[in-house]
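Visitor: The primary structure of each chain is shown beneath.
There are 2 protein chains.
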Amino acid sequence: MRSRLVLWPLLALVLVGATVVPRQEPIRPIEPVVVTDPALVELGKQLYFDPRLSRSGFISCNSCHNLSLGGSDNLVSSIGHKWQQGPINSPTVLNSSFNIAQFWDGRAADLAEQAEGPIANPAEMAFTHELAVGVVATIPGYVAAFEQAFGPGPIDIARVTKAIAAFEETLVTPNARFDRWLLGDDAALSGEELAGYQVFRTSGCTTCHNGPAAGASSFQKMGLVEPYRTENPSQGRIAVTGEEVDRFRFKTPTLRNVELTYPYFHDGAAGTLTEAVDVMGRLQLGRRFSKKESAQVVAFLRTLTGDQPSFVLPQLPPSSDATPRPQPFD
Amino acid sequence: MRSRLVLWPLLALVLVGATVVPRQEPIRPIEPVVVTDPALVELGKQLYFDPRLSRSGFISCNSCHNLSLGGSDNLVSSIGHKWQQGPINSPTVLNSSFNIAQFWDGRAADLAEQAEGPIANPAEMAFTHELAVGVVATIPGYVAAFEQAFGPGPIDIARVTKAIAAFEETLVTPNARFDRWLLGDDAALSGEELAGYQVFRTSGCTTCHNGPAAGASSFQKMGLVEPYRTENPSQGRIAVTGEEVDRFRFKTPTLRNVELTYPYFHDGAAGTLTEAVDVMGRLQLGRRFSKKESAQVVAFLRTLTGDQPSFVLPQLPPSSDATPRPQPFD
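From first to last, the protein sequence lines are chains H and R. In this text, residue positions in the first sequence follow my numbering: the first is 1, and each later residue adds one. In this text, residue positions in the second sequence follow my numbering: the first is 1, and each later residue adds one.
Read the hints as simulated data drawn from the structure, not as lab findings. Be aware that a few hints might be false.
Below 25 Å or equal to it, Euclidean Cα-Cα: the simulated SDA-like pairs (lysine to any residue) are [to be verified]:
| id | chain 1 | residue 1 | chain 2 | residue 2 |
| --- | --- | --- | --- | --- |
| 1 | H | K82 | R | G271 |
| 2 | R | K292 | H | P140 |
| 3 | H | K291 | R | P233 |
| 4 | H | K292 | R | D321 |
| 5 | R | K292 | H | S320 |
| 6 | R | K82 | H | E231 |
| 7 | R | K82 | H | K292 |
| 8 | R | K82 | H | H81 |
| 9 | R | K82 | H | N121 |
| 10 | R | K291 | H | K292 |
| 11 | H | K292 | R | S320 |
| 12 | R | K82 | H | F329 |
| 13 | H | K291 | R | N232 |
| 14 | H | K292 | R | H81 |
| 15 | H | K82 | R | N232 |
| 16 | R | K82 | H | N232 |
| 17 | H | K82 | R | P263 |
| 18 | R | K82 | H | W83 |
| 19 | R | K292 | H | A322 |
| 20 | H | K82 | R | V35 |
| 21 | H | K82 | R | P233 |
| 22 | R | K162 | H | I88 |
| 23 | R | K82 | H | A322 |
| 24 | R | K291 | H | P318 |
| 25 | R | K291 | H | P140 |
| 26 | R | K82 | H | G271 |
| 27 | R | K162 | R | V133 |
| 28 | R | K82 | H | P233 |
| 29 | H | K292 | R | G271 |
| 30 | R | K291 | H | A322 |
| 31 | H | K82 | R | G117 |
| 32 | H | K291 | R | S320 |
| 33 | R | K291 | H | S320 |
| 34 | H | K82 | R | A269 |
| 35 | H | K82 | R | A123 |
| 36 | H | K292 | R | T138 |
| 37 | H | K82 | R | K82 |
| 38 | H | K291 | R | A322 |
| 39 | H | K221 | H | I88 |
Hey, can you work out the whole structure from these sequences and the hints?
Guide: Written out as structure tokens, the structure is:
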């Protein structure tokens, strides 16, 4: 699905004979999405915003991956069912289709598999797949929308998460100033920002933060040169592979829209970009950035904010008399 | 502000020499809103969706008055800070500018005064006005937007709530099928729906459910003919007036979009329209509707669903390094 989505604009460039060749840099431009299945995406958008996928009727995908807030919740760790504290910082949903895998430890292969997780996690939406499907299947507006998107057949969790994933695949953020610079617009970056990118690139940040998402393409050890000290108990990818080498390896987060997705790191411990740049320099690269270099890198990072997804707030189809009611307090 | 908003369309009708005179019925059509101050409304929309007005950084106006769900949360009572259970059902924000006063007991005179309440209520958003203003005033995007909307001068809670109220005044729902019928379109209602309206009107429902909001214009005793039994401790308007006559008097809710705003009554005890119609008939009118009459009234009530507010999901300006961070778990 991903490749189908991104190929169209490239193809269009070729067809019109455009000669724009992006600068050869480790970070690649993000292409706008071309929606090929609008009915599926529209259904997924509704489900993404629907708190009835949670036991309480209060928590939706958008609660922790808030599309008004850069696809994150801007909290150190999220709030789940009955105000339980989440174990890890919620990563942004923006550009998540570029991720090598989903979750910080990569335990889900793709967006549809990821979407299964929070619905049934007792500390998050605290529902079950069966109950969530039972709610959706009693809402006439959803029954019609699923039939339009998938054709005949019963609603099941696979269709629910496939629709949510199809919507999430549209949540890319092209047209960042850095992308415009990559595509040849010399005036898109200031001298300060360009200097910041040179510090970023020559210091080795692009070893991990590369590709269209400026990250998200590999698992890396947090605390490579110096150990990272945190009270967060997450052990990273070892939870998936069982391999000791994967202890404290996490998916490198995307730097796209990083100005919007504070606080930073899997434990949300860095509240500002300045702090995050300092910690990354010391712990991953063995380098102390000067105050001037740090300010330059932060200025560069702010050029990675792209066009945010823009759409009309979805209206959700009302429950019927047969729809099970939420149970927030039992 | 209210009158300015509604007069324009009427004036327009006069100016073009239109001769549409609504049918003379106790329920009046809703006029579309003409926005006279788009900068103020846009700012109010951002604040309405911004969870940073709460101590936790998780609860916004839209959490309990969800504009994807008919301006309500579809819960018996709402979820507040640290998952506290609200004392009363959250009324819809849709058409709330028509309300005689705000809250079930009318303790706020207008929408701006209402908006002050939940921000500082320890069981709801659990913030203070000072802290909320302190957050907003450190966000550069808001500083610019307030200056654009209000001109120079400090941000204070009065400006915050005035902006939110200006947005809420736009949340009217014209063009319901019942409105089209009121305006002369005989085909807008089915025979069943029209029969339902006749039952509704001749039974006396319009004594309280009248005007453009089909309610919201008076305080009435819940349990007029037969007492209403509930475990909800709210005593209604007596909390405001101290007058014994106001015990168990509540603001009559609007019936606009009632198909979307379940569950019903101040205690949220009626889960379906059928149940609500039955209870209202017996307790307020001393009347047991037949199954046929009840189905007709419910069919009529569903014709009160109007055009839902349609707007692009707002993007919220990011916090600065100086912005105090949310405290969800302390």
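Visitor: With the threshold set at 25 Å, check whether the alpha-carbon distance from K82/H to P263/R stays at or below it.
Guide: Roughly 21 Å separates the two Cα atoms, so the pair holds.
Visitor: Assess, step by step, whether the Cα of K292/H is no farther than 25 Å from the Cα of G271/R, and give holds or violated.
Guide: Violated: K292/H and G271/R sit about 61 Å apart, past 25 Å.
Visitor: Need the status of pair K292/R, A322/H: alpha-carbon distance at most 25 Å?
Guide: 20 Å, holds
Visitor: Verify the proposed pairing of K291/H with S320/R, using a straight-line Cα cut of 25 Å.
Guide: Distance ~18 Å between K291/H and S320/R Cα, so the pair holds.
Visitor: Please verify whether K292/H and T138/R have alpha carbons no more than 25 Å apart.
Guide: Measuring from Cα to Cα gives roughly 24 Å; hence the hint holds.
Visitor: Is K82/R close enough to A322/H, meaning Cα to Cα at most 25 Å?
Guide: 30 Å, violated
Visitor: Does H81/H sit within 25 Å of K82/R, going by the straight-line distance between their CA atoms?
Guide: 10 Å, holds
Visitor: So if I understand the rule, the pair passes when the alpha-carbon distance is 25 Å or less; does K82/H with N232/R pass?
Guide: 21 Å, holds
Visitor: Does the structure keep K292/H and D321/R at a Cα separation of 25 Å or less?
Guide: Roughly 17 Å separates the two Cα atoms, so the pair holds.
Visitor: Going straight from one Cα to the other, do K291/R and S320/H come out at no more than 25 Å?
Guide: Given pair K291/R, S320/H holds - Cα atoms ~18 Å apart, limit 25 Å.
Visitor: Hey, K291/R versus P140/H, does the alpha-carbon distance stay inside 25 Å?
Guide: 23 Å, holds
Visitor: Would you mind confirming whether the straight-line C-alpha gap from K82/H to K82/R stays at or under 25 Å?
Guide: 7 Å, holds
Checked against the numbered hints given earlier, this structure breaks hints 3, 7, 10, 13, 14, 20, 22, 23 and 29; the rest are met.
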